[in-house]
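There are 2 protein chains.
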Amino acid sequence: MNIAIFLAKVVSRILVTFALILPLCVQAAHPNLVITAADVSQMRQAITKPGRFSNAYSDLKAQVDLQMAQAINVPVPKDGGGGYTHERHKNNYQLMYNAGIIYQLSQDKTYANFVRDMLLAYAQLYPTLDLHPERKVNSQNAGKLFWQSLNEAVWLVHTIQAYDLVCSALSAQDIASIETKLLKPVAVFLSEGQPSTFNKVHNHGTWATAGVGMAGYVMNEPEWVEKALYDLEKSGKGGFLKQLDELFSPQGYYNEGPYYQRYALLPFVTFANAIENNEPQRKIFQYRDGIILKAIDTTIQLSYDGLFFPINDAIKSKGIDTIELVHGVALAYSLTEAPGYLDIARQQDQIILSGDGLKVAQALDQGLAEPYPFESVAFGDGNDGKQGALVIMRSQLAGDQAVLFKPAAQGLGHGHFDKLTWQFYDQGQEIVSDYGAARFLNVEAKYGGRYLPENESYAKQTVAHNTVVVDETSHFNGDVEVGNQNAPVLNYFETSSLGTVASARIDKAYQGVELKRTMALVNLAEVEKTIVLDVFNVVSSSEHQLDLPLHYLGQLIDTNFSVSVSTDQLFALGAKNGYQHLWLKGRGLPKQGLAKVSWLNENGRFYTQTSLVNGQEEFLFTQIGANDPNFNLRNEQAFIRRVKNNKQHQFISVLEPHGEYNPGKEYTLEAESQVTTLGHSQRGEVMLVELTIAGVSYLIAINQSEDGAIDQDFQYQDQSFSINGRLAVFALNDDEE
Amino acid sequence: MNIAIFLAKVVSRILVTFALILPLCVQAAHPNLVITAADVSQMRQAITKPGRFSNAYSDLKAQVDLQMAQAINVPVPKDGGGGYTHERHKNNYQLMYNAGIIYQLSQDKTYANFVRDMLLAYAQLYPTLDLHPERKVNSQNAGKLFWQSLNEAVWLVHTIQAYDLVCSALSAQDIASIETKLLKPVAVFLSEGQPSTFNKVHNHGTWATAGVGMAGYVMNEPEWVEKALYDLEKSGKGGFLKQLDELFSPQGYYNEGPYYQRYALLPFVTFANAIENNEPQRKIFQYRDGIILKAIDTTIQLSYDGLFFPINDAIKSKGIDTIELVHGVALAYSLTEAPGYLDIARQQDQIILSGDGLKVAQALDQGLAEPYPFESVAFGDGNDGKQGALVIMRSQLAGDQAVLFKPAAQGLGHGHFDKLTWQFYDQGQEIVSDYGAARFLNVEAKYGGRYLPENESYAKQTVAHNTVVVDETSHFNGDVEVGNQNAPVLNYFETSSLGTVASARIDKAYQGVELKRTMALVNLAEVEKTIVLDVFNVVSSSEHQLDLPLHYLGQLIDTNFSVSVSTDQLFALGAKNGYQHLWLKGRGLPKQGLAKVSWLNENGRFYTQTSLVNGQEEFLFTQIGANDPNFNLRNEQAFIRRVKNNKQHQFISVLEPHGEYNPGKEYTLEAESQVTTLGHSQRGEVMLVELTIAGVSYLIAINQSEDGAIDQDFQYQDQSFSINGRLAVFALNDDEE
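Protein chains in written order, with this note's numbering: chain W, 1 to 737; chain L, 1 to 737.
Keep in mind that the hints are not guaranteed to be accurate.
A pair counts as met if it fits within one copy or between any two copies, since identical chains are not told apart.
Listed below are the simulated SDA-like cross-link pairs for lysine to any residue, each with C-alpha atoms no more than 20 Å apart in a straight line [stated by the list, open to error]:
id, residue 1, residue 2
1, K665, H158
2, K665, Q347
3, K596, Y447
4, K78, D59
5, K665, A56
6, K90, P663
7, K316, G554
8, K665, G448
9, K316, L553
10, K596, E444
11, K665, D305
12, K90, I323
13, K78, A37
Note that these hints are calculated values from the structure, not bench results.
Given the sequences, and given the hints that come with them, work out the whole structure.
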């Protein structure tokens, strides 16, 4: 270590000497990364007039003033994530960035001097540092200021922008110190110093290439930009462009899901802006048919009521107001001027002090916002868009309803073993739920704030989701590598005014077992209701136990079959693969016919799942919380439909929102399910579901043909019907029943 | 029955004949109950101008128009509460009332005719009715239109007003039919026909006297008014005035708690208005030092963040926007013009179409609202205000915090066995919770929508509350009569800028055991925190097991002692008195010193209860849900501090809100308790609590003297202190520790 420090000092002294001759910063126009000199001149005008932008400026200035009243603190790195020095260095880069902005807008040198002094403090500290003491053993990703280099790259992305904002105010000597002792060494450390991370087609690589590439623009190192774009060897096998090729599907869906997508977004948005401002000839926003804009837009589509759909390792309170997406939406509006983005910006309620942020602020001031067009859509997964899909179905007929159906790929290390699972949302609430991640972010008492052990033992396991579990083992036997290599297949997706339907299958989740699920969110205009239809086919060469859980949020209200409840003792349902975390509270074996389970969500609406059962589906009622010695899990409810010793089985059900419970106003409406009949049959490739609800009989036809033959005719009760497309809904004459 | 119907028909025919000669309605000015002719003329003006009042008028008119488009439906009574005919008759009286208002304001006879036609339909039906088929066996309170006469009285209160609003538009013949076949028989049935209910000093009596008294005004039967005011014998032992004397404390607190208080309020407000408008010389609003206004105001004080404190059999979603309190607030504003009532009216967001409602609407339009002054206050219980007290403590120092401390009387049949219990609220959320009532109002599948069996077996029991349980039996051994006769004693209450303190005792909850609890919500200005101090003394002549539960809402985060958790099976904690409904999830025996339990509420704040323990207090961690075969209970958490074989024990603890969990913005602040020392000692009658929190040491002194000697001097660590009042808070110099 001592030799390393000594060498670093020698090198930096040589660089300082050289730099004194040729201060690099002042050669080019500054700022010119995300914010340009032209932006600054418009922003300076805007802050003189009342409106959202000047409000945002005043707010940020007040906040920066408060923080600048404290002494500059650049501590020797000591703590891991969440610890003091970790948080301090995170605060510092944000503060430098903010103070840099305020300097540009106020033209008050105090702010530039503050950034300078902090940069100089870092320039003094950095050459003395070896790798961080809290780094993981044998890690390829150790940082110096932080325990992992990911944070160091994020530090550089912010700090290089802060430097760009103030460097025109700095002396040649300070520029030399800062560049040669700090910014260049950091950039070199994050590129040449960690080739495996820098070249990796992965979010960590995006942050590294963004930081290094922007450092190249600011400090006039065009080679760094080339390496950032095409990898260290400039081979094109890695680097920023390859990341744009590989990490998103053609529609802009990010393999790990929205929680990680919004995080991944920021370096893409930031570096792309810098590329556009420095080298517009690269046409970065046209790259791959506008993939950056698509990635932003898809992130918005992946939300419900302001929160991201919590698939994979997601923390549920994360939503569209996340700062990464505030930047993304500002860019999206700036690129398109589509008024729907203003609707999102309005909900974000945060204005970025940038050129793009100014456009958003002024457009909002002018009242140009229009509702963002949320859609029913299947996002093809994988870089080719063919590795399964994430399907969103929406309806506004009877509430603000959404189904998330997930025949998506595994999604790497944060992915869950939940092929073909689904979730349901209504009236702003989660109804059929996904546990999300088992984690209390940064809460030291909860396993240091990291992912809890129960994230592996429960949250990732198949039984924690709303999809079939074979023989109490998880999909791919819980092996993420196998999962990554075997995505489900989306058979079809279609959306129309009748509703949205999708079907998908996978035969690799379990050896010798094919899982096929067809789901539809169907609008029944005559009764002003929307129902979710779910037909899950399991076909196997040998006999298995099949479990299909439904995790719901709310209070169980009723079942139309008797349930034998464990009243004075409870046992765990199983021993492993997540089953050890479920208390078995009761079980019931409904007779052949319709089995109903009703619950009441805290939105005050009732939900009934009506299943068409053959007399052999047992219903197990469970609560999460067994084998949880540290009270780490939320105690949520589920019921699991179970069949044993079956080679094939079809789980058929309808989910029906109904009624209203309003004890405040003292009324209760339609607390009982309105579904009175449910039938299922097949006419060639057309699946027929007969449903009587609220007195109206429906025939729902779904064309399952695989060869794309879309038009089908069929007979039903001596009548002729035809279906043109995937989904048809016929309201039958009641009298004929 | 046939004879009864025959006689009724004969009587009504005689009355009709008589009435044809002298139609009574038109003799006096109409309307003249809650709404007067003078009000109507102002209201007619108001609806011609834009504003809240004309909006409310348009809304109601549209709603009435929609309902009037349906055929009039006056079904033969058949169903009990929640059933079809029950709900239909409830809708009918509301519709008649609303249509009557719209008639007066629009002067469109269509509305008067609609009310007339419905009244005539009732006049045809009513004489044919015997007692309701769904009445309770041997009930004194059976109705005819409804299963209980309470609903019938509510029907009359509304219907007589509807009639008053339209009668000037009716023909003499219709007036005669309606009065003689319907309104007079109903009034006679509810008074002479049910003397025990009519004369009873009870909420049911209030509705009956209000209905009959108003019928007396409208139909010129001054004797009925006298009887309504003084009871059927005009003795003054019952009737409306006696109800005002007995049912409220001098401060206007209603013995059954806020959930029932707001319900009780409406007939008081309504009939008092009618008395004032017809016989101002009675000075009804000055009666008992303005008790009606006090009752309205107290109902507001008994709320937090818009919802009533859920003591006794309360359903939690009931709050200040309840229609009864909308009427109450309109009256309160009309009587006082205090701008704080407008703040409440604004939150209620509902304008009554009445003279008082007009005043509120116009004042809101003018922007006159000011924050309603919520206070720390002890509401003396019982008609003399000396049967214990319901104590509310509030602080705005560090959030919007409230303690509800309940040394109140039993509160009759809906009361819970929860003497000296408490609840805590912060940032709009329930933190230390009360189960409230176990009931799903009007949800047929849940025990017909009535109180669930678990309301008796769990919700009312002592262990369901945050107070001491002796030997696993409930207070008064669960006997409500004994409870009604033995209220706790409020020793003292004091509020100042330092905080609020109260102390209370009861020695009748358990034979030979004195329970004494001192609670304080203390502002610690130096650290900008507010803590709840809780010292619970139990003194007994013989040895007992003492349990002190704390029911909390949120996720357990940490304990500073080891907890042995039941991981793969759970058992019920006990066999009866509510214990059979608690699963025992874990237990721990902290060493002498400080025992901490921390949890995270969904408001994103952490809460830590720090207890000063002697090494013999065991902590039991429980979850509600055992012996719950119908999934009727919410699965909430508690921990129970338990000592065994003790003659006396002191439970000492501090509850501390701290930090913030914000995974959406990805930060967590102060997740750990800041309390580092907690000590307790006695200096004569002064109780001293030493507390170090966030590095500052405090000495909190509470003067427990019973004789009113308020000034006390004492020594602590060689320093002299004096306390002038009940509560003193000294920030000690840290260096001296």
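Next item on the list: May I ask which of the numbered hints given earlier this structure violates, with the numbers listed in increasing order?
Entry: Hints 4 and 13 are the ones this structure does not satisfy, whereas the remaining hints hold.
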